[in-house]
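Undergrad: My request is simple: use the sequences and hints to build the entire structure.
Sequence lines, in order, name chains A and B.
Going by the UniProt record's numbering, the first sequence opens with residue 1, and the numbers climb by one from there.
Going by the UniProt record's numbering, the second sequence opens with residue 1, and the numbers climb by one from there.
In short, the hints are calculated from the structure, not lab data.
Heads up, a few of these hints could be off.
Said to hold, decoys possible - Straight-line alpha carbon distances no greater than 27 Å define the calculated DSSO-like cross-link-like pairs of lysine-lysine that follow:
1) A:K27 x A:K43
2) A:K27 x B:K628
3) B:K608 x B:K618
4) B:K628 x B:K585
5) A:K43 x B:K128
6) B:K585 x B:K608
Unchecked claim - A few chain B positions that, by computed beta-carbon distances, are all more than 12 Å from chain A:
7) V34
8) L35
9) A86
10) V132
11) L191
12) V285
13) E370
14) R687
What the hints assert, rightly or not - Label pairs and their in silico Cβ distance ranges:
15) A:S25 x B:T261: 46 to 52 Å
16) B:V145 x A:L19: 48 to 54 Å
17) A:W24 x B:R269: 47 to 53 Å
18) B:T214 x A:V8: 39 to 45 Å
19) B:D60 x A:G16: 38 to 44 Å
20) A:G16 x B:R240: 39 to 45 Å
21) A:L19 x B:R33: 31 to 37 Å
22) B:R240 x A:F23: 15 to 21 Å
23) B:I723 x A:Y6: 41 to 47 Å
For each residue, glycine too, the CB sits at the ideal point set by N, CA and C.
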Amino acid sequence: MNVLIYLVPIALGLGGLGLAAFFWSLKSGQYDDLEGAGERVLKDDDAL
Amino acid sequence: MSCCSAALAGDIAGLNADPQAMRRREELRHAGRVLADGGADYVLSVPAIHCGKCISVVEDGLAGLDGVETVRVNLTLKRVSVRVAASLAADPLALLERLDALGYPATPVDLGDLSAHGEALHSTELLKALAVAGFGSANVMLLSVSVWSGADAATRDAFHLVSALITVPAIAYSGRVFFRSAISALRQGRLNMDVPISLAILLAVGMSLGETLTGGKTAYFDAALMLTFFLLIGRCLDERMRERARSAVTALARLSAKGATIVEGNQLRYAPLDEIRPGTRLRFVAGERLAVDAVVVAGTGFIDRSLVTGESVPVAVQPGDRLEAGVLNLSGPIEVEALRDAGHSFLAEIQRMMTAAEVGRGRRSRIADEIARIYAPAVHLIAAATFLLWIIAGGGWYEATYAAISVLIVTCPCALALAVPVVHVVAASRLFEHGILMKDGTGLEKLNGITHAIFDKTGTLTQTVAQSPITVLPLRERRIAAALTRSSSHPVCLALADRLKTEQRVALDAVREYPGLGLEARYGALRVRLGRGDWVAEIAADPSGAIDMIDGTALAIEGETVIGLAIAERLRDGARDTIPELASKGISAEILSGDADGPVRRIASLLKIPYRAGQTPKQKLLRIEALKGAGARVLMVGDGLNDAPSLSAGDVSMAPGSACDIGRLAADFVFTRDDLSSVTTALEIARRAHRLVAQNFAMAFGYNVIAVPLAVAGLITPLIAAIAMSLSSILVVANSLRLASTGAPWPVKTQVRAPSVSLKTAEVSA
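TA: Pasting the structure below:
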């Protein structure tokens with residue numbers, strides 16, 4: 001069971017990383033226009 | 001010749017004298033945020049944007065415009081954010097004109113209002129809280145599963161400790177939403193749903209901490225976090241929905257001026273509103289809205305009084321005329337003297353009436369709050385009773401506390417808290433598909449129970465459409481009109497002249513303009529007139545035959561018949577079907593209009609409903625109060641400023657997208673399609689939503705009926721609590737989603753029609 005000493009913090013750390021990534025994406029406005037983001041993928045223009 | 005002097009005419013040339021354009025430019029200027037370098041940010045609401053193609057068309061179209069620095073379409077909110085350089089910021093109307101040309105009519109969103117509310121911030125906060133709660137509950141749940149599947153003493157204690165380390169900060173962060181609301185409710189001496197929620201969360205965490213430190217067997221960390229998580233989902237959905245509706249409805253430019261130009265001797269000075277006293281002299285320039293009620297002292301010109309009278313045809317004013325606050329100057333500068341200070345102006349009066357109506361709207365609160373009023377005390381009483389029962393039965397302090405807390409956790413209204421918002425969110429998106437914006441879920445609840453529908457006429461039951469003079473007039477009259485309209489700077493003349501600019505012109509003598517009436521000239525030996533219907537009819541063959549044209553513009557040659565160039569009024573699409581449909585649902589309809597008896601009677605007889613004409617805002621308000629007093633539940637459908645108090649007074653209200661700002665703000669629902677059948681669509685959705693909410697509550701209560709006795713008996717383990725809570729929540733959500741299912745009994749129209757720009761002429765109606 002000693003392995004838990006590593007595994008639990010690692011699991012939590014990875015989860016925390018995901019949480020931090022979510023906070024960052026939220027702050028950088030990636031959730032402001034969900035529908036638009038989906039449509040923009042299909043836009044075929046060179047200016048990017 | 002024009003009634004205006006050369007100097008004043010020069011002023012008109014500087015601006016685009018089309019009153020429509022002037023109003024839009026003014027709105028846009030007010031709405032933008034000016035940057036340090038002289039450029040500006042604008043946010044435009046463009047309801048016609050609906051696909052990826054639209055994004056490209058709008059972005060590329062605007063980017064091609066000189067002076068546009070960045071442009072970004074938001075498809076979700078149907079908005080465009082534009083940053084422009086100083087050159088374009090001076091006259092930003094080109095933005096709207098380009099969008100019009102592309103087929104995407106736009107209206108500006110007031111950035112001042114947006115940031116003042118700071119609502120976007122709120123929903124982001126909720127989303128963050130939700131993320132933290134989700135993260136916490138997922139991890140704690142994993143640890144709990146290990147405990148339930150039989151982790152032994154040391155491991156269990158370790159897992160409990162880790163759970164505690166996750167839970168305490170997560171609850172401290174995510175639970176604030178509930179704690180804050182609970183505390184503010186308790187401060188006012190009330191109980192709301194958040195009080196038992198907060199209590200349960202805190203008690204569950206507290207007891208679990210105690211268990212953990214003493215090496216106990218059971219901990220409720222997972223329950224506390226899951227509770228928070230589920231409840232936050234409901235809150236988030238609720239907030240998102242309101243935000244979406246609000247973003248579309250939020251005021252365009254504010255109507256009231258923020259200041260005025262004061263004349264002091266030969267000096268002009270721009271001063272804030274509170275410096276204006278009765279008797280202060282003001283310079284009222286073109287394109288500006290008057291800040292206070294005033295009387296004209298010097299100068300003549302044309303003003304747009306659509307805010308006050310609902311009449312969008314410009315009115316000529318001369319010294320001695322009274323002007324109300326909110327009127328828009330369309331021509332040259334006029335000197336006016338303030339009659340009252342800003343706090344007592346016409347606009348302020350209307351706003352006061354609305355506030356008063358809002359207060360008197362009856363204290364019918366939301367269903368969820370009503371239930372909370374019964375539910376919250378009941379939960380606390382049961383928990384307290386459980387505690388006492390266990391003590392009396394000799395169960396000891398520990399068992400008694402344990403059972404009481406189980407009751408609080410198990411009864412915790414996960415399902416109840418989700419029952420309403422999920423349905424409302426689904427209903428809101430359903431309404432959105434039909435071009436109807438809902439400001440608040442309460443509107444939906446109230447719409448369900450209405451018994452009486454009141455319609456305003458102009459702009460609501462009818463739409464005004466400008467007719468082309470080319471199709472109406474015979475050749476000779478067309479040439480006369482072309483010649484006549486050249487000589488005036490009256491906005492209507494300019495509009496007509498623009499349409500007739502390719503026509504040949506006949507020679508006219510002695511052209512004269514009569515302010516407020518129209519133009520007269522000699523065509524050979526005959527007089528010709530163009531202007532107000534009744535005035536024009538005086539020279540016609542049959543003056544009495546033109547009674548119907550009294551409101552419109554007309555043209556006549558002496559001794560011949562009058563030809564109306566009227567801005568025609570026609571029934572709004574769907575109006576004929578909507579009234580009988582309402583009747584079939586047991587809702588009686590009537591018209592309350594500020595318009596004259598004749599036109600109102602015509603419409604009323606077409607629709608076969610009772611009417612009251614010539615109603616002032618106050619009378620409309622009284623009529624609604626009377627109906628409400630008689631026990632009716634009133635739906636008010638109107639669009640004008642003079643409807644605004646009644647929109648606030650009705651139990652629930654709807655306004656077309658073409659309504660004036662205050663009208664849209666006062667209404668619970670705004671429909672953006674020209675079709676009046678939106679009213680019945682909204683009603684149908686409201687009824688279905690109501691049924692689903694009732695079912696959800698039944699389910700949530702059913703769950704409690706089973707769970708509470710178990711909790712009182714002390715049989716609820718953390719595992720059972722977790723399963724029961726999730727199950728009831730999932731059931732409620734699944735049931736709510738049925739509203740989104742197809743096979744709906746109402747007609748589905750997929751084509752979204754953009755509100756036409758010409759609609760704005762009926763911006764404020766009688």
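Undergrad: With reference to the structure, classify each hint as holding or not holding.
TA: Now for the hints, and whether the structure bears them out:
no.	hint	verdict
1	A:K27 x A:K43	25 Å, holds
2	A:K27 x B:K628	48 Å, violated
3	B:K608 x B:K618	25 Å, holds
4	B:K628 x B:K585	19 Å, holds
5	A:K43 x B:K128	31 Å, violated
6	B:K585 x B:K608	16 Å, holds
7	V34	23 Å, holds
8	L35	19 Å, holds
9	A86	25 Å, holds
10	V132	7 Å, violated
11	L191	33 Å, holds
12	V285	39 Å, holds
13	E370	33 Å, holds
14	R687	29 Å, holds
15	A:S25 x B:T261: 46 to 52 Å	48 Å, holds
16	B:V145 x A:L19: 48 to 54 Å	20 Å, violated
17	A:W24 x B:R269: 47 to 53 Å	50 Å, holds
18	B:T214 x A:V8: 39 to 45 Å	22 Å, violated
19	B:D60 x A:G16: 38 to 44 Å	42 Å, holds
20	A:G16 x B:R240: 39 to 45 Å	26 Å, violated
21	A:L19 x B:R33: 31 to 37 Å	33 Å, holds
22	B:R240 x A:F23: 15 to 21 Å	18 Å, holds
23	B:I723 x A:Y6: 41 to 47 Å	31 Å, violated
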